[in-house]
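Starting from the known structure of chain R, arrange chains F, Z and A on it as the hints suggest.
There are 4 protein chains.
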Amino acid sequence: MDGEGEARITRAAFDRLCAEELPFTVSFGFRLDAIGGGWARCRAPFRPESIRPGGTIAGPILMGLADFALYAAVLSRIGAVPLAVTTSLTTNFLRRPRPADVLAEARLLKLGRRLAYGEVTLLSEGEAEPVAHVTGTYSIPPSATAQ
Amino acid sequence: MDGEGEARITRAAFDRLCAEELPFTVSFGFRLDAIGGGWARCRAPFRPESIRPGGTIAGPILMGLADFALYAAVLSRIGAVPLAVTTSLTTNFLRRPRPADVLAEARLLKLGRRLAYGEVTLLSEGEAEPVAHVTGTYSIPPSATAQ
Amino acid sequence: MDGEGEARITRAAFDRLCAEELPFTVSFGFRLDAIGGGWARCRAPFRPESIRPGGTIAGPILMGLADFALYAAVLSRIGAVPLAVTTSLTTNFLRRPRPADVLAEARLLKLGRRLAYGEVTLLSEGEAEPVAHVTGTYSIPPSATAQ
Amino acid sequence: MDGEGEARITRAAFDRLCAEELPFTVSFGFRLDAIGGGWARCRAPFRPESIRPGGTIAGPILMGLADFALYAAVLSRIGAVPLAVTTSLTTNFLRRPRPADVLAEARLLKLGRRLAYGEVTLLSEGEAEPVAHVTGTYSIPPSATAQ
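Protein chains in written order, with my numbering: chain R, 1 to 147; chain F, 1 to 147; chain Z, 1 to 147; chain A, 1 to 147.
With the rest of the complex left out, here is chain R (with noise of 0.2 angstroms):
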């Protein structure tokens, strides 16, 4: 399902909606790097704060950026619709995140009608091997696909 085809939101529009509807994202920093039809690549800057003692990052920003960038993924295939929310996340913890910015990497597995699925992979910038990969389901209002 992932890299075929044209984002149906661009990256000033999928800004816009954060800042409107989640604005906790904006407060801690997340960036859409990049996006295409049913994946984007995302990005939570590295900040002193985030960090737990031993130079790690802490799990709620990982999580809250997974989150993120499977959002996105959804709305490169629907567009627009700020009523897509998450239903469940489910994140494995595999490394410990450098003190340095975390990547997402979120693509779809399946658009239906109801529920998008799709896998998100966290990696400290620079590094090969991933911090954590990241399972997510979203629901989607009634009429916002076509499938």
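Bear in mind the hints are in silico, worked out from the structure with no lab data behind them. None of the values given here were measured: they were computed from a predicted structure. Note that CB positions come from ideal geometry on N, CA and C, so glycine has one too. Hints are supplied without guarantee of correctness; some may be wrong.
[Unchecked claim] Every beta carbon over 12 angstroms from chain R, so not counted as near; a handful from chain Z, in silico:
hint, residue
1, Arg11
2, Leu17
3, Glu21
4, Val26
5, Arg43
6, Ala80
7, Ala100
8, Thr121
[As the list claims (entries may be wrong)] One-sided excerpt, in silico: chain R residues whose CB lies under 10 angstroms from chain A:
hint, residue
9, Asn92
10, Arg95
11, Tyr117
12, Glu119
13, Glu129
14, Thr135
15, Thr137
[Stated by the list, open to error] Far from chain A, some chain F residues (derived; all Cβ distances over 12 angstroms):
hint, residue
16, Glu6
17, Cys18
18, Phe28
19, Gly29
20, Gly36
21, Ile78
22, Ala80
23, Glu105
24, Gly112
25, Tyr117
26, Thr121
27, Leu123
28, Glu125
29, Glu127
30, Glu129
Just chains F, Z and A, lined up with the frame of chain R:
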């Protein structure tokens, strides 16, 4: 496993550990209300900046609170072991939280030598139906448990 | 949500539905022991061929039984709707089952218009500690619920 | 982690291990088609008795096959260690399987000293879109890994 006996960590010791090791929980205002052998009740005080438009609480706050409450339930059995780390957290979002304090009730379902597993129910204060249900696994450092 | 009122499906009607729609549950010997509004208790009779070496029960039997019990709990609220389908199932294996019947206690935590969510505790008959804990989501066909 | 180097277990050794330790996988007809360092491809041959009315494959078959494929991927890294056990398995059902062989493609995302984590994509043979996506964790017995 829950409800049996006394906690192996006091509320004061838990608060100190969080202040030192998990500063983001302090910055979110998370509090431990009560703790016993295998369970914990925690609270995220209502803050206007936590809410999403429509008056609901942001997902990362809910997931972070659940993780915090499960951590307290784990430490209620193994004592003040800072190196217990979350390996997975699965959150199911069930209802929109009201603009009120969020309460978390965590209980352990298993404490093994290497892994602890438990569940957390999240509620808006004053409501009966849960806003989210969370399950999670903690990795226990070697020699932290006798079991 | 659980424990309120009567089931909207009888044990006999549930057995008939399974015989017609879910023949593998019959071939595994799964049985509904009791059902009420929002909950169900089910059983997988012990069969030597289900066990793994060492005397434990195979994982697919445990997961299948949990799914079966959750299905019964869903139908206890919406009646005999064969098109309710599992969308996700998360199983945490906690202890080795003994060579005995496996009991499943399922209860709904949410019944929405489109999704039902619940949890299942699996036990070896005669033991107090759970062998597995399962959470799952069912998709409800349109117009099957009034809520 | 996947695709690097050779498997530390041969197909013949894996088949022997399953015949001895996991007889239900033999009775379900599960087969290992290919294996390499950190990945495995497996198959559940189509059997009329596995299907649900409507022609789809029963959920326990899908979950059991995913568990089997992930087990092979774990052993591809640690060799023939029979005591590696599943600690959790999360299955998301995405589309109805067709009445055909089900293929499972498993890859490890992390191999630690105590836990291995990976994902499995399930497909109906001849179809491009997945029928299910599974993530799971295995507990590795002490001294089975050098990492």
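Comparing the hints with the structure gives:
no.: 1; hint: Arg11; verdict: holds, 31 angstroms
no.: 2; hint: Leu17; verdict: holds, 23 angstroms
no.: 3; hint: Glu21; verdict: holds, 21 angstroms
no.: 4; hint: Val26; verdict: holds, 29 angstroms
no.: 5; hint: Arg43; verdict: holds, 28 angstroms
no.: 6; hint: Ala80; verdict: holds, 22 angstroms
no.: 7; hint: Ala100; verdict: holds, 31 angstroms
no.: 8; hint: Thr121; verdict: holds, 19 angstroms
no.: 9; hint: Asn92; verdict: holds, 5 angstroms
no.: 10; hint: Arg95; verdict: holds, 7 angstroms
no.: 11; hint: Tyr117; verdict: holds, 5 angstroms
no.: 12; hint: Glu119; verdict: holds, 7 angstroms
no.: 13; hint: Glu129; verdict: holds, 7 angstroms
no.: 14; hint: Thr135; verdict: holds, 6 angstroms
no.: 15; hint: Thr137; verdict: holds, 7 angstroms
no.: 16; hint: Glu6; verdict: holds, 28 angstroms
no.: 17; hint: Cys18; verdict: holds, 25 angstroms
no.: 18; hint: Phe28; verdict: holds, 27 angstroms
no.: 19; hint: Gly29; verdict: holds, 31 angstroms
no.: 20; hint: Gly36; verdict: holds, 26 angstroms
no.: 21; hint: Ile78; verdict: holds, 16 angstroms
no.: 22; hint: Ala80; verdict: holds, 22 angstroms
no.: 23; hint: Glu105; verdict: holds, 22 angstroms
no.: 24; hint: Gly112; verdict: violated, 9 angstroms
no.: 25; hint: Tyr117; verdict: violated, 8 angstroms
no.: 26; hint: Thr121; verdict: holds, 19 angstroms
no.: 27; hint: Leu123; verdict: holds, 24 angstroms
no.: 28; hint: Glu125; verdict: holds, 31 angstroms
no.: 29; hint: Glu127; verdict: holds, 28 angstroms
no.: 30; hint: Glu129; verdict: holds, 24 angstroms
Going through the hint list in order, the structure does not satisfy hints 24, 25.
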